[in-house]
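Trainee: The opening position of the sequence shown corresponds to residue 9 in this note's numbering, with each subsequent residue numbered one higher.
Lysine to aspartate or glutamate pairs mimicking DMTMM-like chemistry, simulated, CA-CA at most 20 Å apart:
#1 Lys118 <-> Asp56
#2 Lys196 <-> Asp86
#3 Lys117 <-> Asp51
#4 Lys60 <-> Asp99
If you're looking for bench data, these hints aren't it; they were derived computationally from the structure.
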Amino acid sequence: MKKYSSRVRVAMAALVSGVVLLGATSITSAAGTTSIASVLTSDGNQFDNNAKDFDIVTEAVLAVLANNPNSAVKVLTDGTLALTVFAPTDDAFRALVKDLTGKNIRSEKKVFAAVAGLGLPTVEAVLLYHVVAGSTLTSKQALKADGASLSVASGGKVLVDVTGNKITLTDANDSLKDPMVVAVDVNKGNAQIAHAIDRVLIPLSKL
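Working from the sequences, and respecting the hints, build out all of it.
Mentor: Encoded structure:
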């Protein structure tokens, strides 16, 4: 997208080489098999005025899979595979676009267009940076994980910081505000679980 600096575009594109294709992760028989993808699309798969839900990340997942049906993001559609997703809210993506462009865009559709403008391979890499494959991490477990380093599906690491009942995630970026968990245990009882975060995790040290 032309509104992004060439430095941002080149740096974000470099993420593509770091994506780790997912093989068979832990398969569970004790938990339910409702996938995260089915949860994300359950509200009709459309943009709205609710800044606290997941319309933009939903459209990002669908766009990546439409472009590449064999993308590693496909793991989100298989509810038999255990994973934990830290799902950015629509407000989280709005904050990212403001950080990158300096503009406060209200329309979810326009925010998504700005994110997609980075290129779908880059969007794929960013999405996978939010996925902990092979582990169903509940909020109860997360609250006991202060200082833990989580391996994410893009090949990077995300650090967990717990203060009281607040969970902050430290990504690879050292210039933007770190995400906080703002809602927990989406899809609880299933092998795939999600926790909402108020910022997008960034797998780059500098933008």
